[in-house]
Structures are given as C-alpha cells and as structure tokens.
Amino acid sequence: MVFPLGSLESSKKADLHETISYARYGKILSINRTFFFFQVFIGIVLTLIFLINIEELSKLIAQITSYILNRDIKEGLLFEVVRIYIVKDMGRFPSFYETLLLLIISILMLIFMKFFERISKPLKIYLNYFFFILFISSLYFIFFAYSFPYTLDDFSQLYMVVQVGILSFISSLLSVATAPLIVKPIILLYNLIFIFFVLIYSLIFGIVRYSIFLFILKNYSFLWMANLFFNLGPLLDMIYISGFYSFYLSLISIYINKRLRCWRWLF
Amino acid sequence: MEQFGWIALSFVILLLLPFLPGIIETILKKDIKSLTINQNFFKDPGYFGKSFKSLIKNALDNSKPLAGNTLKVRFPSDKWEKILICSDKINTGKYDRIIIFAEAENVTLEGNGLLESNYEIYVKNNFLINKPFFARALYVGKNLTIFAPFRITRWAHVEGSCNILDNSNLGISFYSAEQLQIKAPCSFKRIFASEIMINKGEEEQAFQSDPTYMEGTIKPKGKIDIEIENSKLIIDRNILSDDEIIIKGKFWIKGNLFSNKNILLTGAGGIVGEKGKIKTLYAKKEIKLIGNFKVYGYIYTDGIGHIV
Amino acid sequence: MLEVAFLIVFLKAYLVFLFILISLYIIRHFIFTYNRILSEQRVAYHDILDSDFPTVSILIPMHNEEKVAEDILKALINQEYPKEKMEIIPINDHSEDRTKEILERYAENYSFIKPLHRLGDEPRGKTVSLNDALRIAKGEIIVVYDADYLPLKGQIRELVINFIDPDVGAVMGRVIPINTPKNLLTRLLDMERSGGYQVDQQARFNLGLIPQYGGTVGAIRKALLIEMGGFDEKILAEDTEITFRLYINGYEVLYNNKAECYEESPESWQARAKQIRRWSRGHNQVLFKYFFPLWISKKLNFWQKIDGTLLLFVYAVPFLFMLGILDSIALFFLGEMEIFSVFWVFLALIAYNSFGNFASFFQIGLACFLDGVKERIRLLPFFYFIFLFNMWCTSLGALDALLDITARRKPNWDKTERFRGS
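Residue numbers (the numbering used here), protein chains in the order written: chain A, 792 to 1058; chain B, 9 to 316; chain C, 3 to 424.
Be aware that one or more of the hints could be misleading.
16 Å max Cα-Cα, derived EDC-like pairs, lysine to aspartate or glutamate [as the list claims (entries may be wrong)]:
{"hint": "1", "chain 1": "B", "residue 1": "Lys256", "chain 2": "B", "residue 2": "Asp233"}
{"hint": "2", "chain 1": "B", "residue 1": "Lys227", "chain 2": "C", "residue 2": "Asp167"}
{"hint": "3", "chain 1": "B", "residue 1": "Lys227", "chain 2": "C", "residue 2": "Asp169"}
{"hint": "4", "chain 1": "B", "residue 1": "Lys293", "chain 2": "C", "residue 2": "Glu42"}
{"hint": "5", "chain 1": "A", "residue 1": "Lys850", "chain 2": "A", "residue 2": "Asp944"}
{"hint": "6", "chain 1": "B", "residue 1": "Lys293", "chain 2": "B", "residue 2": "Asp251"}
{"hint": "7", "chain 1": "B", "residue 1": "Lys283", "chain 2": "C", "residue 2": "Asp54"}
{"hint": "8", "chain 1": "B", "residue 1": "Lys41", "chain 2": "C", "residue 2": "Glu377"}
{"hint": "9", "chain 1": "C", "residue 1": "Lys85", "chain 2": "C", "residue 2": "Glu142"}
{"hint": "10", "chain 1": "B", "residue 1": "Lys269", "chain 2": "B", "residue 2": "Asp233"}
{"hint": "11", "chain 1": "B", "residue 1": "Lys72", "chain 2": "B", "residue 2": "Glu89"}
{"hint": "12", "chain 1": "B", "residue 1": "Lys229", "chain 2": "C", "residue 2": "Asp167"}
{"hint": "13", "chain 1": "A", "residue 1": "Lys912", "chain 2": "C", "residue 2": "Glu269"}
{"hint": "14", "chain 1": "B", "residue 1": "Lys293", "chain 2": "C", "residue 2": "Asp49"}
{"hint": "15", "chain 1": "B", "residue 1": "Lys283", "chain 2": "B", "residue 2": "Glu203"}
{"hint": "16", "chain 1": "C", "residue 1": "Lys87", "chain 2": "C", "residue 2": "Asp54"}
{"hint": "17", "chain 1": "B", "residue 1": "Lys229", "chain 2": "C", "residue 2": "Asp169"}
{"hint": "18", "chain 1": "C", "residue 1": "Lys260", "chain 2": "B", "residue 2": "Asp310"}
{"hint": "19", "chain 1": "B", "residue 1": "Lys285", "chain 2": "B", "residue 2": "Glu212"}
{"hint": "20", "chain 1": "B", "residue 1": "Lys38", "chain 2": "C", "residue 2": "Glu377"}
Which residues of chain A face chain B? A partial, calculated answer using Cβ under 8 Å [claimed, not checked]:
{"hint": "21", "residue": "Ile859"}
{"hint": "22", "residue": "Val999"}
{"hint": "23", "residue": "Arg1000"}
{"hint": "24", "residue": "Ile1003"}
{"hint": "25", "residue": "Phe1006"}
{"hint": "26", "residue": "Leu1026"}
{"hint": "27", "residue": "Ile1030"}
{"hint": "28", "residue": "Tyr1031"}
{"hint": "29", "residue": "Gly1034"}
{"hint": "30", "residue": "Trp1056"}
{"hint": "31", "residue": "Leu1057"}
{"hint": "32", "residue": "Phe1058"}
FRET-style restraints, in silico, Cβ to Cβ [as the list claims (entries may be wrong)]:
{"hint": "33", "chain 1": "C", "residue 1": "Ala109", "chain 2": "A", "residue 2": "Arg1052", "range": "51 to 57 Å"}
{"hint": "34", "chain 1": "A", "residue 1": "Ile843", "chain 2": "C", "residue 2": "Ile10", "range": "28 to 34 Å"}
{"hint": "35", "chain 1": "C", "residue 1": "Trp297", "chain 2": "A", "residue 2": "Leu842", "range": "34 to 40 Å"}
{"hint": "36", "chain 1": "B", "residue 1": "Asp250", "chain 2": "C", "residue 2": "Ile10", "range": "39 to 45 Å"}
{"hint": "37", "chain 1": "A", "residue 1": "Arg1052", "chain 2": "B", "residue 2": "Asp69", "range": "37 to 43 Å"}
{"hint": "38", "chain 1": "A", "residue 1": "Lys1009", "chain 2": "C", "residue 2": "Trp297", "range": "53 to 59 Å"}
{"hint": "39", "chain 1": "B", "residue 1": "Glu89", "chain 2": "C", "residue 2": "Ile29", "range": "51 to 57 Å"}
{"hint": "40", "chain 1": "C", "residue 1": "Leu336", "chain 2": "A", "residue 2": "Asp944", "range": "17 to 23 Å"}
Calculated from the structure, these hints are not laboratory results.
Note that CB positions come from ideal geometry on N, CA and C, so glycine has one too.
Given the sequences, and given the hints that come with them, work out the whole structure.
Here you go:
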C-alpha cells in the first residue's frame, strides 16, 4: 500500500476536525487569471466607450438636469473639437456688500479657528481650508469682480468635462481594484454588478450635484464657484468611490476569509 | 424653491450614502478588536505534541467512565468528547475518536487491513506500527518503529527515537526528540530530530581525509548549483539563496541551507549541521533528498518535501 | 502682461510636474498591492532553527514611561532566548516620573537588565540616547524597541536569526496597534498600519527594493552601526536615515512580516499631529541628506534607486500637493481652469492623496482584507477627514526640515504621548 504524497491541503476535508486558516503574513489570493484579465479588459473597454461617447453622455446629464431645473440645453465645444451639452442659464455676480460680508465672515472664522480648541483637529483644518478659499474668493470679488474669468456656461462646460471624465475613470479604476478578488467565477459577476451600481450612482449624483451648483451660482453668486469646485468637485467623487468600494470589499472579505480554498500559502 | 429643497435633500442623502456603512460600523463596533497576536508564541517544532500531551493529561483528570473502555473527557474549550482507552493492542479498522494507550510498555496493531482514524492517537510508551496506519496525529512517549505504510495528516511527536522502514507521509510536522531514521520513500513538510538519518545516513569520519574547505556563508545572486566530483566539500557556514539550490556529490554543510525556491540534494552523501547543534534545511517550495544524508535538526518546507 | 503669461506657464508646468509625480506613486501603489496580494511571497529566515545564538543588546529609549515601562520589561524577560546571550538596556532619558525607580527595581532582580540613566546636562533625545547605549552595549546585534511595544515570546529570535545572512544590515518586523478599539482615530490608524506593513513593506521586500527599517521592532548589526558612526544625532528620523545609509553602503534591510509586535497608537488628534509632523521633519531631513548620495552610489540597482527616491519623497509629496492646491486656486482665478491637464491632474492628485497616509484606498482596503478584517474596512471613506489633516501636519514637518537645513537648527526630540491605563 502506498499513501498518496501530498500536503494537508490535498487531503480530504473529512480528514480534518476543522479548517485552519493561513496566517496573515504569508497568505495570498488564489485567483482565476482568465477572469482577472477579462475584468480588467471590460473596465478599460467601458472607459473607452464612455470617452468616445462624451457628447451623448453630456447630453443625457444636461437633459435630465434641464428637466429638473426647467431650463434649456445648449451645445458647447470642448477644446474646439469635442461637442458637449450643458444647461443654458445665467449666473449672478455678488454685490459689494455681500462680498464684504463674506470677506469679514471668512476672516472672523479663520481667526476663530485659530483660537477655538474644542473642535477636532481634522475638522478644524477642513474648515480652515473652506474659509480660506472663501476668503480668497471674496477678496478677488472686492478688487477684480469684473475681471472674473468665468460665465456660468464656462463653469458648466468645466463641470461636464469633470463629470464625464469621472464616469469614464470609474470602470477602469474599480475593475483594476476589484479584479484581484476573483477567486471564484461568481465574484466576476459580483464585481461587474458593483461597478455598474457605482456608475449609476455616479450618474445620478453628477446630475443632482450639477443642479445644486447651477442653483447656487444663479441664485447666490459666482463668489461660491471656487468653493463648489474645490470642496464639492472631484474630491467628492473619490470619496463615494472609496466608500462603496470599502463596503463591497468588506462583504467579499466576510465571504472569502473563511474559505481556505480561496487562498494560497506563499506561492 | 420647493423643488430646490427636494434636490438639496437628495444631494445630502446621496452625499451621506457612501459613508453609511462606515457610520453604522462606527456605532455598532462589530469589528473593533486589534489584530490578534499570540504573545506566548515562539518557534518550537515539538509544540503540537507537547500541547496535546498536556491537554490529554488535564482531560483525563476531568473524565467520566462509560461502557466499553470508553471515557468521556472534558477539554479546556468545555467540550466533552469520547475517547477510547486501549491496553497493548488495537485491531485495524476505522476509529472515530481519540485513542489512548495509557499503560502498556509496547503497543502493536492486530488484524488485516488499515488502521484509520481522523482523530489523535496517544501512546504512553513504545509503539510498533506493523500494519498500514493512517491517523490525524500521533503522540508516542518513548520509541516508535514503523514497518508498514504510514500516513499522518497533521503531526506526530515521538519523545524517543524513531525508525521509519516503509513508505510514509509525515504530515505537517514530525518531531522526534532523539534519532530519526527514514529508510524508505517519504513525503513531509517539517521534520525535527536531534539527528535525522536519511536512507543509510552519512558519517563525519568520511570527511577526515583530504576534504576541500569553503569558509564563510555562501550567498550568491541567483541559482546555486554545486557539483562535487571526486572530492569532499566542507562548508563551515550557511548556504543561502533566493533561488534554487542544487548540490550533487559529497558535502558537509556545517550551517543552515535556505532557499526561497527549491533544494535538491543528491549524490554520494551529505551532512547538514554538527552533532550537538541544531541547524535547518529550508526550502519554500520543494525539498528533494536523493541519497544518504544526515541532518542535525530541522528540515522544513512550506511546499512539499520528498525523500527518495 | 508678459509676467502674467510667464506666471501662468509656470503654474501649469508645476501642475504637470505634480501630475507626473503623483502618477508614479499611483503606479507604485498598484504594483505593490498586486504583488502582495497575488504574487509569490519572499520569506525571511524566521523558519530557521539554529542553536548558535548571537549575543543581543536590547535598547529601549524611555522618557517618562512609567505607564508602559513594566509591560515591555516583562515581555522581554519572558523571551525565549538564552538569557546569557542577551542584555536589556532601558535608557532612562531625563525622566521626571517613576521610570527610574521601575528600572532600578527590575535591574535588582534580573542581572541582564542594565539601565542607563541619562541625567543632568546631557542632551535629551532618542538618537543621542541610543548612541550612549551603543557605547556600553556588548551584543553583536542591537535590537531597538520603543517603550510602548509588547514583543511576543519568540520575537528576539525571530528578528536576530535573519543576521545569518551577511548582506543583511538591519531587520524590521511588523507593527500592530494594540489600542485599536479605543476610538475612530485608532481604528483608522490600525488600517493605515496594515497598508504600510502588510502591503508596502512586504512588497518592497518581495521585489528586492528598499524595505524600511522603522526604528522599533527592529535589529541592526552593531559592528556595522559603529563602523558607520552610530545614529545621526541631527536627524529626527534615525530609522529612515539608517535605512539609506545601509543601502548606500551595500547592505540591505530585511523585512520580516511574521515578526509582529503590538504598539500603542496615538489616541488623540493632537498627539497624532505631533507625531506626523516629527516623522515628516525627520524624513525630509533624510531626503536632503541622501537624495544625491542615493543616485551616486554604485551599491544600489536602478529600481532600488527609483524606489529609494520615491520613498525619500513620501513626506515631501503632501507639501508639494498643498502647493498644487494653491497653484490650482491661483489658476482658477486667472481663468485657466479649462485646460485639460488640470482636470486630469486633479483626478490623479486626489486619487493618490485623498485616502489615508501615503497609500491609496485600494492598498489600505486590500491590506485589511489580507489581515482578515471585515466590517472595519467600511471605515475607509473616513480617511477623507484626515486627508487635509495629514497634508497640513506633514507640510509643517517639511517646512521644519527646510528651516533645519537653512538655519542649521538642531531639532529637539518631541516624544509621542502615551495613553495606556488612561
């Protein structure tokens, strides 16, 4: 009689009372390489599809936003080559007193932040950042209000480029970030559903945010434009991408971590 | 304005949504513990056997006798398990509980076929395996002699010496406090003994006349392929490589052998380590020993080891 | 008008430079993460059992460490290492609390505990303390622990065995926070640590790049350290400094992902801010000292030089990024935000810098995933709140380092506050 040569992993599950999971220092994922490359390929293809269809995508966003705000849409030219659609509207310049008031508020808040100790440091730094941009913006409108270089159309165009770019970027980024998780074919499907979900969210969020921006720039003033761009712009997109990714990853972690066969030891 | 209120509300909800799982986790604190480190951990090749021995000792103190040589014992996890108490013999067959030979000086197997158990076997004194044997783990208080095919899935611990004379699979960890002789095809992951004789072994006297010396640790970049022809090589330190190590011929490496890939030792016989010391032969992926060798200490692979 | 045009070109050029720099870091993070989670892992020598033990001196710098001193001493007394081959040198660096009494009490009971008391006019600080201890240390290997660490029973052996390799100048183990449950900050720091060790350090070790000696849970060959002149007392990040000095002299740092050790993370934002600022200051001092020697050295290969450069700039990038934000604000008001590059620059910048301390979100996420963490991964978006915080504190540290070099200041050691028992 010859017993089969082999390690613990090759022995039948019935041999064991319980499954011992690998130590964290040397475990690696046992992925399906075909599915891995397939998913990365899908992600890149989706990005290219979005980039090729900037015009249609911008039209979709502009049409829904215009419907929400009850406005018209208009065409614009990006880099004098690519046609994009934006919502047609007019912005508002701040009055002198309004600007002065915001300037004073921002200065007071910056001073207040300096001496107010009870607020947590990260929040304090974030608020400093917010009021610093408001301060710069107010200062600018006090001295150079009529040199302000943007119309609402310019801003819309910039916003649309950012939004379409992010939509394109998501599929590549998330396909590369989730591809290492394909230890079972079903996870490829989960990954694609997840990427699709984030794309849908991004589209809805992009539309709602565009509506908010247009409303603020029309009803309040251009003075807020810098803050809108630097605080609620692309930064927020990265937050929801990482937020959904983390939730998804935690679910996959619950699913995979106890399954010994999803892992390999050292090589 | 009312319409804007709805849009603003949607915006806030959408803004909070990605944070929601994080907020819930912050409040519920489901996964809050630090990563676990066993503060009592240290590298001990006899760890499994030692902890099993103390486990059994404690369990027997907390036992209830049942009919048919069976005891019901309580383990530290508060789990009650049935164990079988035997005298000096056990019939081959399939067993579904821990077996203990608590008294007999020598224990053997009887009957035809295979002894198979997915549980541990504890032998207080000597154990002679003369029938095919397949168990999860084995503890032997004195010496172990194996004359039949032998397979362990987890570990074996021998407090005395051990002689393996038939083909074997030594599981994850095999420990012998004294000498271990392996004289047949064998697969393994970790073997520890103060002296491991593989096949016919090798003697230090064989290196007394005209050896070639290499001093210091050898650690070249890339693969190590040493072929010793008509000579005897003594290396007084370690051989280390991130690549493969192949040594053919007659050699005595007084230090450790380490490879981040495979090790193949073959040829006219070799020694790793020195008497009275513990040294290690480690390869991450595969160890293949073809021929007669002696290793003082530890043979370890994270892949699979073969003795041919 | 020409000046304005020139300024705009300069501002745009800076953003393009930043874009390229940040892209390099993004690629690096992807390579490291993929390497760690999918590729073959290189193992250190920890599985070798060898009865020939080298002598070891364990140095523990201590300044007012009464809250933690006993714990680390107990953990070291408990080590599975021949006591005749080891000595423990706790360095009482001008403590004003009960540290001295605790050390003396232990020294009375254990002959291998040999406290070094630094008092009076002697300058205070980690590096000067370590150099003083180095003069009396008898071990072949120097192991350094911060006072808040809790080494497990087999750790000294696990670290020291790696010196059987003559190319190894220093060894680094993995740091794991023990006070993770304390609050949101400690939970986030635990995740950040995972990213840094489980992925970053191990991937660098796998790829033969530059794993970093971290100044604690680490060991150095004493003869080599003395030959190189001991610890540089002008530099706050003595660990990073030693790392580069070793590589430039042809030695390597070995990272042992198995040699895990508990540490105490800062529990308040103030303590964390001080810690990051000190790290940044020290790390940037090393950048100024070793940027050119790194490239001139013939002991490193091309990829090690690239990795070394990126490692040197790790604490400078947040400062450069802050300048990038100011640059973008300037371009915004100059009417130049429509340029295509700015859009991409912003995306890239944020992708890299928004999440956590010097690691992208997928790196931290997947590191936690490897660690078997489950629900905790959901805290990942909260790194947004420490993005600006990290950037600000790191930038202050970078400015400190700039001032150190221009004004020839000698920095003072600012110890991280301990929280155990509080």
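Here's how the hints hold up against the structure:
For the hint pairing lysine 256 of chain B with aspartate 233 of chain B, the CA-to-CA distance comes to about 8 Å; that is within 16 Å, so the pair holds. Of the supplied pair hints, the one linking lysine 227 of chain B and aspartate 167 of chain C holds, its CA atoms being roughly 8 Å apart against a limit of 16 Å. Proximity of lysine 227 of chain B to aspartate 169 of chain C is assessed by CA-CA distance (about 9 Å); at most 16 Å being required, the pair is judged to hold. For the hint pairing lysine 293 of chain B with glutamate 42 of chain C, the CA-to-CA distance comes to about 10 Å; that is within 16 Å, so the pair holds.
At roughly 14 Å between alpha-carbon atoms, lysine 850 of chain A and aspartate 944 of chain A fall within 16 Å of each other, so this suggested pair holds. Between lysine 293 of chain B and aspartate 251 of chain B the CA atoms are separated by roughly 10 Å; this keeps the pair inside 16 Å, and the hint holds. For the suggested pair lysine 283 of chain B and aspartate 54 of chain C, the alpha carbons sit about 12 Å apart, so the restraint of at most 16 Å is met. The straight-line distance between the Cα atoms of lysine 41 of chain B and glutamate 377 of chain C is roughly 11 Å, inside the 16 Å bound, and the hint therefore holds.
With a C-alpha separation of about 14 Å, the suggested pair lysine 85 of chain C and glutamate 142 of chain C falls inside the 16 Å cut-off, and the hint holds. Restraint check: the Cα-Cα separation between lysine 269 of chain B and aspartate 233 of chain B comes to about 13 Å, which is no more than 16 Å; the hinted pair holds. Between lysine 72 of chain B and glutamate 89 of chain B the CA atoms are separated by roughly 10 Å; this keeps the pair inside 16 Å, and the hint holds. For the proposed pair lysine 229 of chain B and aspartate 167 of chain C, the alpha carbon gap of about 13 Å is at most 16 Å, so the pair holds.
The straight-line distance between the Cα atoms of lysine 912 of chain A and glutamate 269 of chain C is roughly 13 Å, inside the 16 Å bound, and the hint therefore holds. Between lysine 293 of chain B and aspartate 49 of chain C the alpha-carbon distance is near 13 Å, which keeps this suggested pair within the 16 Å criterion. Between lysine 283 of chain B and glutamate 203 of chain B the CA atoms are separated by roughly 8 Å; this keeps the pair inside 16 Å, and the hint holds. Restraint check: the Cα-Cα separation between lysine 87 of chain C and aspartate 54 of chain C comes to about 10 Å, which is no more than 16 Å; the hinted pair holds.
Between lysine 229 of chain B and aspartate 169 of chain C the CA atoms are separated by roughly 11 Å; this keeps the pair inside 16 Å, and the hint holds. Between lysine 260 of chain C and aspartate 310 of chain B, the direct Cα distance comes to roughly 14 Å. Compliance with the 16 Å bound is thereby established for this hinted pair. A distance of roughly 14 Å separates the Cα atoms of lysine 285 of chain B and glutamate 212 of chain B; the hinted pair therefore holds under the 16 Å criterion. As the CA atoms of lysine 38 of chain B and glutamate 377 of chain C are separated by approximately 7 Å, the hinted pair is consistent with the 16 Å bound.
Annotation: isoleucine 859 of chain A was flagged as interfacial toward chain B, and the flag holds, the nearest CB pair being 7 Å apart, inside 8 Å. With a cut of 8 Å, the hint placing valine 999 of chain A at the interface with chain B holds, because the nearest CB-to-CB distance is about 5 Å. For arginine 1000 of chain A, the suggested interface contact is upheld, since its CB lies about 6 Å from the closest CB of chain B, less than 8 Å. Taking 8 Å as the C-beta contact cut-off toward chain B, the hint placing isoleucine 1003 of chain A at the interface holds, the least distance being around 5 Å.
Below 8 Å, beta-carbon pairs count as interface contacts, and phenylalanine 1006 of chain A has one with chain B at about 5 Å; its hint therefore holds. With a least beta-carbon distance of about 12 Å to chain B, the hint placing leucine 1026 of chain A at the interface is violated under the 8 Å criterion. Hint on isoleucine 1030 of chain A holds. Least Cβ distance to chain B is approximately 6 Å, under the 8 Å limit. At its closest, the beta carbon of tyrosine 1031 of chain A sits 4 Å from a beta carbon of chain B; the interface hint therefore holds under the 8 Å criterion.
At its closest, the beta carbon of glycine 1034 of chain A sits 3 Å from a beta carbon of chain B; the interface hint therefore holds under the 8 Å criterion. A distance limit of 8 Å between C-beta atoms decides the matter here; for tryptophan 1056 of chain A the minimum to chain B is near 6 Å, and the interface restraint holds. Annotation: interface hint on leucine 1057 of chain A holds; nearest CB of chain B at approximately 5 Å, less than 8 Å. Because the smallest distance between the Cβ of phenylalanine 1058 of chain A and any Cβ of chain B comes to about 6 Å, under 8 Å, the interface hint for this residue holds.
Here the CB-CB span from alanine 109 of chain C to arginine 1052 of chain A is close to 53 Å, well matched to the stated 51 to 57 Å. One distance hint, 28 to 34 Å for the beta-carbon pair isoleucine 843 of chain A and isoleucine 10 of chain C, holds here, with the actual separation near 31 Å. Restraint check, tryptophan 297 of chain C to leucine 842 of chain A: a C-beta distance of roughly 38 Å satisfies the suggested window 34 to 40 Å. A beta carbon spacing of about 51 Å between aspartate 250 of chain B and isoleucine 10 of chain C contradicts the range 39 to 45 Å that was offered as a hint.
A C-beta distance of roughly 39 Å is found between arginine 1052 of chain A and aspartate 69 of chain B, which places it inside the suggested range of 37 to 43 Å. Take lysine 1009 of chain A and tryptophan 297 of chain C: their Cβ atoms lie about 55 Å apart, and the range 53 to 59 Å holds. Hint check: glutamate 89 of chain B to isoleucine 29 of chain C, Cβ distance near 55 Å, so the stated range 51 to 57 Å holds. Between leucine 336 of chain C and aspartate 944 of chain A the CB atoms are about 19 Å apart, so this pair conforms to the stated range of 17 to 23 Å.
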